[in-house]
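Q: Chain by chain, the residues:
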Amino acid sequence: MKIAVSADGADLEARVAQRFGLSEYLLIVDLGTGDLETVPNPGASQQRGAGVQAVLLAISKDVKTVLTGWCSPTARHQLTANGIEVISGLSGTAREVVEKYKKGELHKQVQATVDGPAGRHRIDRDAIRQAARSSARQFASLLPILIGVVLLIGLFNAFVSREFLASIFSGGPLLDTLRGACFGSILAGNPINSYVIGGELLKHGVSLFAVTALIITWVTVGLVQLPAEIAALGRKFALVRTAISFVMFTGVAAITVFLFNLVAG
Amino acid sequence: MSSMKKAIPKSSLWKNRPVRMLLFPAGVLVAYGILFAVMPEKASAGLESSGNIILNMLVPLTLVFVLMLVLNLFLKPAQIVKFFGSQAGMKGVILSAGAGIISTGPIYAWYPLLKDLREKGAANTFVAIFLGNRAVKPFLLPIMISYFGWIYVLILTVLTVLGSVAVGYTVGALVKVQNGLSLVDK
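Taken in order, these protein sequences are the chains called R and L.
The first sequence maps to residues 88 to 352 in the working numbering.
The second sequence maps to residues 514 to 699 in the working numbering.
Okay, chain L solo, but in the shape it has when bound (with noise of 0.2 angstroms):
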């Protein structure tokens, strides 16, 4: 069996993720720097602005960083995702939503994965509930934490969680799956 695709150009600036990474940031200083030549109190304004904001969160950002060291070096997302694929019930919800909780990196790197999973059989719950806990990021709590307070936090993450997982079984129940795919795309 052999699954093969069209090479991607290695030339291609765009497919470059560092530089697409930097053309928002360097199009924002392009901004700035025109409103520097003809409004220049309203730049000012606007970087004094952008240097507290840096300012107050260099605290959370520190801690953002030991707790992607923490779950770094003891999470294994990568093997929650292949576990999950054979997985039903309860044990199944739980391990997709850890998984989708301690997954790190742009969605796009875990497409592949996914779409591996479901063609060899993982439920649409499990992956629909996998996206949906996405959202909920243990190394980014300090940051949400330092902007919102723990409390609202606190209740956020849990309904989402819940959320995903109610999301995770209303997409299982309309969107049926039979040898690996998808009904309607047959």
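The following block holds chain R by itself, in its conformation from the complex (with noise of 0.2 angstroms):
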């Protein structure tokens, strides 16, 4: 069974860190072979995100119990909704919060505040709290980037016209997927954004060939984010991936458009 203790330094000498979603390290003990992994924290240096980024790293090394000083609301909904037990208020080093876990002396401290029904109810609302902070945050992400986008396609609408677009979409269903494909796979970013453009492109005129090869390899493709994806899985897994999502999902895009053609008369 491995536990997790969030550090200040890369051993068990180092103190227990007071935030677990900014901590530098996540110190990964296998209490049944006694092995100590070290782990960078990637979430350490960033002003917004580091839970989830610390998160991720607890569920990802297979953990149990997460040891810390203190531990954000949401993050601690996201580990226990993953099964890892969250045991907080801690502090001297991480040595000493092992020693203490493993002679079951912070086990109390839990057992007196998720046992008996008030203790689920309180809980379960916590959840709901919890799930509209994370709502709301992901929503907010959304709006500066969409702002933007339609802003620009309000200058878009000043600037061009459907005559222009017509000039560039104007080459027959095979042509059209092809450029459409080709403009989102440059492109990326959260969908809603390819709706909004690939939407008012439609009113504008452009084909649902390019529109529907647009907004499919909005995300499927992504050679903006080709660079991480090399770094993260490899360079083969990353070309060959792309490679074959430009093609298959320009298919898909044809193929979407012919069928719904097909049912819409």
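Quick caveat, the hints were computed from the structure, so don't treat them as lab data.
Incorrect hints may appear among the rest.
[Said to hold, decoys possible] Label pairs and their calculated CB-CB ranges: (1) 542/L - 122/R: 50 to 60 angstroms; (2) 618/L - 215/R: 18 to 28 angstroms; (3) 575/L - 262/R: 37 to 47 angstroms; (4) 348/R - 586/L: 31 to 41 angstroms; (5) 689/L - 179/R: 43 to 53 angstroms; (6) 552/L - 310/R: 31 to 41 angstroms; (7) 633/L - 314/R: 18 to 28 angstroms; (8) 662/L - 117/R: 29 to 39 angstroms.
Being a predicted model, the structure only gives us computed values, none of them experimental.
All C-beta atoms, glycine included, are put in the ideal place defined by N, C-alpha and C.
Mind assembling these two chains? They're in different frames, but the hints should get you there.
A: Have a look at this one:
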């Protein structure tokens, strides 16, 4: 069984970090073998989203318990929802808290907070509150780019004529799909922006083939994020996946419009 | 075992995602400011057009928020991602596709977890299926339907899921994994 200690340093003599999300390291201790794995927290240097990075790290390392100084309600909710116990309010060195955990001294405090029907009721309400916070944060993160896109479309509408667009997207289904796919593959980001751009292009008379190809390749291909994908998943995987996705989803776009025209008449 | 990385300077403005996100709308606003000075009628037309788009999006955006809330309350993508790493066959396909569909946030946040899963032996097929299915976002369907209609959205969604599975299997066949490392990358 593995446990994770959020720590300010890379060994067991380091102090327990006071904030789980911003801790410099997670010390992963295997209680069965005594092995120690030191993992830098990728979110330690981030102003926002640090907790998510630390949560994903803890989940990926398959830990059963997190020992920390303080854990945000959102991170705690995500950890517990993924079956990871969180024990907070701890201080001292990582070695001290691991020893206390082994002796069962830390569990008494956890038991007191989660037992009984009142505790369960509180957790359920907490879950709703945290889901609302998380949704508000997700929603707020959509807005700046979305507003920028909408403002840009306003300029586009003011300057670009239907005739101009028709001259670009008038190559027939095959060429239009290919052009839309190339456009969508270069861009990336939240899919909502591709819906808005695609919808407005459609109003300007751009063919549904081009718009569909743009929407579908926007997320599935994404040349902008290719370097990050190569770094994380390897050059061959990223390049092969990107190339196959471009071909496959360009085809999917064409078939989608063909079927839609068939169904909708 | 220790996996150490160089620390990223905390002061780096570019690393600050909220600041970075504001750069794009700020840049567009600057363009509007310049345009108002030189071509006020075009700038007004652009602003009016943007206002109409936002008005049309208000109801679908409200639905988007409600759907986000429901999904955040009941679905745990990280748990499913962790689980699909140990599955095979149809179960692995369903779990990886499901995890891709309900995953939220920028893809960059998911790369460390996917990398770790691959190092533990998760098939390339499932990682590719996960990445492809990120194009399907249930909570954004109201916006998509408001622009394109539900028949189109239904066809596109079903074909995207099927296409992602096909991409996954093709990638799995072409990129073999041995001991968690791509053969070519070794």
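Q: Do the Cβ positions of residue 662/L and residue 117/R conform to the proposed distance bound of 29 to 39 angstroms?
A: At roughly 54 angstroms between Cβ atoms, residue 117/R and residue 662/L fall outside 29 to 39 angstroms, so the hint is violated.
Q: Take a look at whether the Cβ-Cβ distance between residue 618/L and residue 215/R falls inside 18 to 28 angstroms.
A: Holds, at about 20 angstroms.
Q: Does the hinted range 50 to 60 angstroms hold for residue 542/L and residue 122/R at CB?
A: For residue 542/L and residue 122/R the Cβ distance comes to about 54 angstroms; the hint holds.
Q: Does 31 to 41 angstroms hold as the CB distance between residue 348/R and residue 586/L, or does it fail?
A: 38 angstroms, holds
Q: Regarding residue 552/L and residue 310/R, is the given constraint of 31 to 41 angstroms on their beta-carbon distance met?
A: Once the Cβ atoms are compared, 33 angstroms apart, the range 31 to 41 angstroms for residue 310/R and residue 552/L holds.
Q: When you take the CB atoms of residue 575/L and residue 262/R, is the distance between them in 37 to 47 angstroms?
A: Holds, since residue 575/L and residue 262/R (Cβ atoms, about 38 angstroms apart) stay within the stated range.
Q: Range hint 18 to 28 angstroms: satisfied by the CB atoms of residue 633/L and residue 314/R?
A: Given a distance of about 24 angstroms, which is inside 18 to 28 angstroms, the answer is holds.
Q: Falls inside 43 to 53 angstroms, the C-beta gap from residue 689/L to residue 179/R?
A: 48 angstroms, holds
Going down the numbered hints, you'll see the structure goes against just number 8.
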